[in-house]
Amino acid sequence: MPPFKDEHVLIIAPGSQVTLAQLGLPESFTPARWRFPSRMFPSEKKGEYEPYKIHERRQEVKSANGSTAAKEQEDVEMKDQPPQEGTANADAPKTESTDETKPEAAENAGEEGKEGGENGQTVQEIFYEEDIASEEGAIWPMQKGRIVDWECFFALLTHVYNTLSPPFHTPIMLVAEPVWSLRDREAITQFVFEKFKTPAFCLMDSAAAVCYGYGVQTATVIDVGKDKVDVTAVTDFQVNEHGRGVALEGCGGDYMTDRLLELLGSKGFSREMCEQLKRSNITELLPAGTPLPGAAATARQNGPPAGSNTQLGGVENGQPKNANGTAENEEDEGVLDVAAIVSGNTSEFLAAREKDKGTKKGADAAKPVRLPNSKKEKATFQHQEFVKLEPEKDAPSGPSRFMRQTRDIEVSVERFLSATPMQKKGERLSSGLLEDIATQIHHTILAVPDATKRSDLWDSLIIVGNGSKVKGFTQALISTITQKFVLSPSGTIFTSEIPSNFSTPLPTGGTNTPVPGFPGQMHHPGSQGVNPLLVAATHSGNPMPPGTPSIDPLSHHRSTGHSQTPTSVRTVKPPEYFPEWKEQTATQQPPQNQPGLNGPGGPASGGGHRGMEEAVFLGAQVASKVVFVIDQGISKGFMSRVEYNENGPSAIHEYVM
Numbered sequence: 001m002p003p004f005k006d007e008h009v010l011i012i013a014p015g016s017q018v019t020l021a022q023l024g025l026p027e028s029f030t031p032a033r034w035r036f037p038s039r040m041f042p043s044e045k046k047g048e049y050e051p052y053k054i055h056e057r058r059q060e061v062k063s064a065n066g067s068t069a070a071k072e073q074e075d076v077e078m079k080d081q082p083p084q085e086g087t088a089n090a091d092a093p094k095t096e097s098t099d100e101t102k103p104e105a106a107e108n109a110g111e112e113g114k115e116g117g118e119n120g121q122t123v124q125e126i127f128y129e130e131d132i133a134s135e136e137g138a139i140w141p142m143q144k145g146r147i148v149d150w151e152c153f154f155a156l157l158t159h160v161y162n163t164l165s166p167p168f169h170t171p172i173m174l175v176a177e178p179v180w181s182l183r184d185r186e187a188i189t190q191f192v193f194e195k196f197k198t199p200a201f202c203l204m205d206s207a208a209a210v211c212y213g214y215g216v217q218t219a220t221v222i223d224v225g226k227d228k229v230d231v232t233a234v235t236d237f238q239v240n241e242h243g244r245g246v247a248l249e250g251c252g253g254d255y256m257t258d259r260l261l262e263l264l265g266s267k268g269f270s271r272e273m274c275e276q277l278k279r280s281n282i283t284e285l286l287p288a289g290t291p292l293p294g295a296a297a298t299a300r301q302n303g304p305p306a307g308s309n310t311q312l313g314g315v316e317n318g319q320p321k322n323a324n325g326t327a328e329n330e331e332d333e334g335v336l337d338v339a340a341i342v343s344g345n346t347s348e349f350l351a352a353r354e355k356d357k358g359t360k361k362g363a364d365a366a367k368p369v370r371l372p373n374s375k376k377e378k379a380t381f382q383h384q385e386f387v388k389l390e391p392e393k394d395a396p397s398g399p400s401r402f403m404r405q406t407r408d409i410e411v412s413v414e415r416f417l418s419a420t421p422m423q424k425k426g427e428r429l430s431s432g433l434l435e436d437i438a439t440q441i442h443h444t445i446l447a448v449p450d451a452t453k454r455s456d457l458w459d460s461l462i463i464v465g466n467g468s469k470v471k472g473f474t475q476a477l478i479s480t481i482t483q484k485f486v487l488s489p490s491g492t493i494f495t496s497e498i499p500s501n502f503s504t505p506l507p508t509g510g511t512n513t514p515v516p517g518f519p520g521q522m523h524h525p526g527s528q529g530v531n532p533l534l535v536a537a538t539h540s541g542n543p544m545p546p547g548t549p550s551i552d553p554l555s556h557h558r559s560t561g562h563s564q565t566p567t568s569v570r571t572v573k574p575p576e577y578f579p580e581w582k583e584q585t586a587t588q589q590p591p592q593n594q595p596g597l598n599g600p601g602g603p604a605s606g607g608g609h610r611g612m613e614e615a616v617f618l619g620a621q622v623a624s625k626v627v628f629v630i631d632q633g634i635s636k637g638f639m640s641r642v643e644y645n646e647n648g649p650s651a652i653h654e655y656v657m
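Residue numbers for the sequence shown follow UniProt numbering, beginning at 1 and rising by one.
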């Protein structure tokens with residue numbers, strides 16, 4: 001098999017709303033160049049689909065009568081070639097007679113044309129138009145990550161493939177959703193090989209692709225989508241299927257939209273307005289424990305303490321004070337410039353001085369105070385809508401025209417409550433969006449068989465997905481996890497986490513009392529004057545000093561390294577060596593596990609760009625470079641067509657990354 005080239009690799013990442021695609025690997029990996037809506041429209045022929053909505057428009061046209069049609073047919077009629085020898089004189093009179101009858105024929109044709117225009121029949125002609133923006137009658141083959149319409153899904157893949165038009169020798173990398181079953185992967189493999197005739201095919205798990213994009217081998221991937229959330233623990237680039245949170249319903253971006261609609265529906269808000277409000281920069285998720293703007297706690301934080309006096313060298317209204325208690329940029333009212341008074345007119349000098357003081361105070365009073373969004377009780381966002389224009393009178397029928405209208409809408413503190421529990425209880429009990437995700441993360445990490453990897457999983461959280469683009473989502477989720485599950489090392493440790501200093505009772509001599517002075521007792525030099533159990537628990541991961549006797553092999557109480565409860569929670573820093581992704585990412589990583597994280601002024605991530613929330617596509621590019629170009633199939637990173645012909649589609653499970 002000839003080697004694959006960078007410009008021939010085709011990457012497809014299907015999603016429930018948007019399908020990302022790209023042909024070729026650039027020198028520096030970029031976000032997806034093609035974004036296809038993950039929907040198709042039924043065609044006139046049964047079983048076929050179109051990528052756009054096709055409207056049928058009928059237009060009335062006046063048809064010509066029979067005489068006019070006969071005239072038009074006579075104009076285009078082919079005549080025999082006239083003879084060339086011996087007929088010149090005979091044809092001359094005929095030509096003159098024909099010329100004489102031309103004006104009469106023209107007059108008759110004009111009269112017939114007028115009669116045909118006035119009395120002609122009206123015929124309807126059918127025109128077909130493609131409406132790119134319409135979604136009326138669309139079929140979405142994927143819902144919550146699951147493939148619900150296979151014919152439509154295959155039509156979507158065919159549309160993407162034909163649009164990019166790759167060459168014949170093109171390997172295909174397809175990103176698989178976690179909810180896809182083994183049978184689903186086999187069906188996709190069979191379709192790709194039979195339909196596209198690809199020489200190589202790789203099916204990669206989305207969680208593993210995210211780890212490739214971030215350049216880490218162990219991480220907990222939280223993918224927040226439109227109407228579901230996937231939580232996956234990856235250890236050494238291996239996906240842990242046991243305990244994996246797959247397609248958690250009611251935990252995606254639609255939950256926040258429904259919650260805003262529940263809060264603002266009584267004020268005349270529609271679902272489309274709530275969706276635009278969620279995507280605006282005024283909607284924010286505050287960390288746990290942050291008071292809402294306008295509350296009493298917020299007022300105490302913003303205003304000076306009651307009964308407080310200004311100290312020497314203090315600060316008041318943002319201006320440093322001198323030892324006299326006055327501002328550095330202000331003059332003392334009791335001090336006058338004697339030299340200016342002596343050299344000039346005293347009354348004019350005093351009047352000018354009073355005028356300058358009044359102007360400065362007026363400017364300071366008129367200067368607005370800019371507060372962060374988390375401290376504003378009310379904020380305004382722009383709502384855009386399309387209004388259909390009425391057609392003009394006597395205008396020919398054509399496609400409908402729309403006009404975009406923009407208006408400002410003011411919203412109160414409801415914009416901070418999009419992740420709170422809903423009042424209307426559904427089929428699934430919920431404690432709120434962030435609490436449900438945090439609980440699933442805790443369950444997924446505890447289900448990892450290797451207990452030594454759990455601490456690394458807590459310190460390597462990766463939050464992706466377009467549902468996490470809401471401002472402050474990452475910080476609020478970390479704060480919720482910290483509040484619910486993080487155990488401080490200086491606090492009380494559970495007895496199951498305390499390493500035992502007592503030997504197992506042995507049936508010797510009728511005494512079953514453990515001996516505290518067992519030689520295997522751990523010794524820490526810094527434990528004098530401190531609770532020895534606390535010191536033993538916090539130093540359980542340290543190596544024992546040389547020469548210390550080993551622990552009794554029959555002992556059942558051993559340290560597990562705090563695998564049940566985390567002592568810290570951190571997120572993975574995005575890579576900085578992809579400038580295209582770095583420029584699009586407007587995210588500022590906050591310091592984790594700091595007291596200020598729960599405060600009202602914590603940094604928040606902006607959600608107006610396509611950045612690392614689509615890191616799954618970045619990881620697919622990295623994996624394609626490694627598997628198709630560098631490795632060339634040595635480590636069985638992809639399935640070749642020869643192997644497909646020999647083993648069939650069921651062999652794809654041996655090559656899934």
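A portion of the hints provided could be inaccurate.
[Said to hold, decoys possible] Capping the alpha-carbon separation at 27 Å, the derived lysine-lysine pairs in DSSO-like fashion look like this:
no., residue 1, residue 2
1, K453, K376
2, K453, K484
3, K424, K453
4, K195, K45
[Stated by the list, open to error] Ranges of calculated distance between the beta carbons of each label pair, as one might list FRET restraints:
no., residue 1, residue 2, range
5, S568, R407, 45 to 51 Å
6, S43, E249, 37 to 43 Å
7, F191, K45, 18 to 24 Å
8, S270, A451, 36 to 42 Å
9, R58, S412, 47 to 53 Å
10, E646, Y577, 28 to 34 Å
11, H653, R370, 20 to 26 Å
12, R370, I139, 31 to 37 Å
13, R370, W34, 39 to 45 Å
Simulated from the structure, these hints should not be mistaken for lab results. Heads up, the beta-carbon is just placed ideally off N, CA and C, and yes, glycines get one too.
Hint by hint, here is what the structure shows:
Taken as a hint, the K453 and K376 pair is broken in the structure, with Cα atoms around 43 Å apart against an allowance of 27 Å. A hinted pair counts as satisfied when its Cα atoms are at most 27 Å apart, and K453 with K484 qualifies at roughly 21 Å. Between K424 and K453 the alpha-carbon distance is near 39 Å, which puts this suggested pair outside the 27 Å criterion. Proposed proximity of K195 and K45 is supported: the alpha carbons are some 20 Å apart, at most 27 Å.
At about 46 Å, the CB distance of S568 to R407 agrees with the hint of 45 to 51 Å. Our hint of 37 to 43 Å for S43 and E249 is violated, since their Cβ atoms are close to 32 Å apart. Distance hint for F191 and K45: a CB-CB separation of about 20 Å, consistent with the stated range 18 to 24 Å. For the hinted restraint 36 to 42 Å between S270 and A451, the CB-CB distance of approximately 50 Å leaves it violated.
Restraint check, R58 to S412: a C-beta distance of roughly 50 Å satisfies the suggested window 47 to 53 Å. A C-beta distance of roughly 40 Å is found between E646 and Y577, which places it outside the suggested range of 28 to 34 Å. Remark: the range hint 20 to 26 Å for H653 to R370 is contradicted by a beta-carbon distance near 57 Å. For R370 and I139, the Cβ-Cβ distance of about 48 Å falls outside the hinted range of 31 to 37 Å, so the restraint is violated.
Our hint of 39 to 45 Å for R370 and W34 holds, since their Cβ atoms are close to 40 Å apart.
The structure does not agree with the numbered hints 1, 3, 6, 8, 10, 11 and 12 stated previously, though it agrees with the rest.
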